[in-house]
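Peer 1: Input sequences plus hints: build the corresponding full structure.
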Amino acid sequence: MCVCSSQQSTMTQQLSPLKLLVSLYLLRLAISNCCYTPVHAVPFETSEDVAGAGQSIGDAVAAVLRDANNCFETYMQESRNASDTYASAYRTCRELGSKRRMEFTQMQCSTRQDMVGQVTEMCKNFCDCAEIDGDLEFFQCSARNAYKGVSTLQYVYLNSSAAIVELENKYQEAEKEILFCTIAAEERYINATAKAFVQLSKCLKAS
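Quick note: the sequence shown uses the UniProt record's numbering, first residue 1, plus one each step.
Just so you know, these hints were derived from the structure itself, not from any lab. From a predicted model like this one, the values you see are computed outputs, not experimental measurements. Virtual Cβ for every residue (Gly too), placed ideally from N, Cα, C. It cannot be assumed that every hint is accurate.
[What the hints assert, rightly or not] Here are the computed lysine-lysine pairs in the DSBU-like style, where the Cα-Cα straight-line distance is at most 30 Å:
no., residue 1, residue 2
1, 99, 170
2, 195, 176
3, 99, 176
4, 205, 195
5, 124, 148
[As the list claims (entries may be wrong)] Simulated DEER-style distance windows between Cβ atoms:
no., residue 1, residue 2, range
6, 183, 112, 30 to 38 Å
7, 90, 111, 31 to 39 Å
8, 160, 199, 51 to 59 Å
9, 81, 112, 53 to 61 Å
10, 69, 166, 53 to 61 Å
Peer 2: Listed below in structure tokens is the structure:
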């Protein structure tokens, strides 16, 4: 009896650490099961999801760039139209100046022709005198034509002075008209380009 009791006590001492170890293992396993999350329970993005998201972003960027390009194309077209309009208006202003000068020239054409005719005749008369051999005849011819020439020179002087004043006034009026025409063309060009730029800014903000 004493032997058996001793053997039983020895087995009890040997099993106690084993049970303790098993208990600890079971406790650890239970804790692991509570904290462990299966792989299929975690929501991972697949390669198809990532590719779809990338494509959506790429499409959005492409749409923005396409809208911006359309904005700039519209702006460039409007700028070209404004430049063409300004160039045409500027040429019209310069042609107006040439037209006015031609009108003024035609207004003085008869006076000029009359003056040229009288001066030409006076010069011819003096040239004829220069061809005379005799001294007396030469001086007589020169005196006679000089007397006539005084009247011609006076006519030329007075009519030339009047024509100068009139033409200067006409040319000044023409220059003012050309200047006003050019300023109006420049103003239209500046307004058109400014309007195009404002529309470009609004278009870019909206895209």
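Peer 1: All hints are to be evaluated individually against the structure, with a verdict given for each.
Peer 2: Outcome of the hint check:
Between residue 99 and residue 170, the direct Cα distance comes to roughly 12 Å. Compliance with the 30 Å bound is thereby established for this hinted pair. For the proposed pair residue 195 and residue 176, the alpha carbon gap of about 28 Å is at most 30 Å, so the pair holds. Between residue 99 and residue 176, the direct Cα distance comes to roughly 14 Å. Compliance with the 30 Å bound is thereby established for this hinted pair. Between residue 205 and residue 195, the direct Cα distance comes to roughly 16 Å. Compliance with the 30 Å bound is thereby established for this hinted pair.
Pair hint residue 124 plus residue 148 holds up; C-alpha atoms about 12 Å apart against a cutoff of 30 Å. Look at residue 183 against residue 112: about 33 Å separates their beta carbons, and that is inside 30 to 38 Å. Here the CB-CB span from residue 90 to residue 111 is close to 33 Å, well matched to the stated 31 to 39 Å. A hinted range of 51 to 59 Å for the beta carbons of residue 160 and residue 199 is consistent with their spacing of about 58 Å.
At about 45 Å, the beta-carbon gap between residue 81 and residue 112 misses the expected band of 53 to 61 Å. Distance hint check for residue 69 and residue 166: the Cβ-Cβ separation is about 59 Å, which falls inside the suggested range of 53 to 61 Å.
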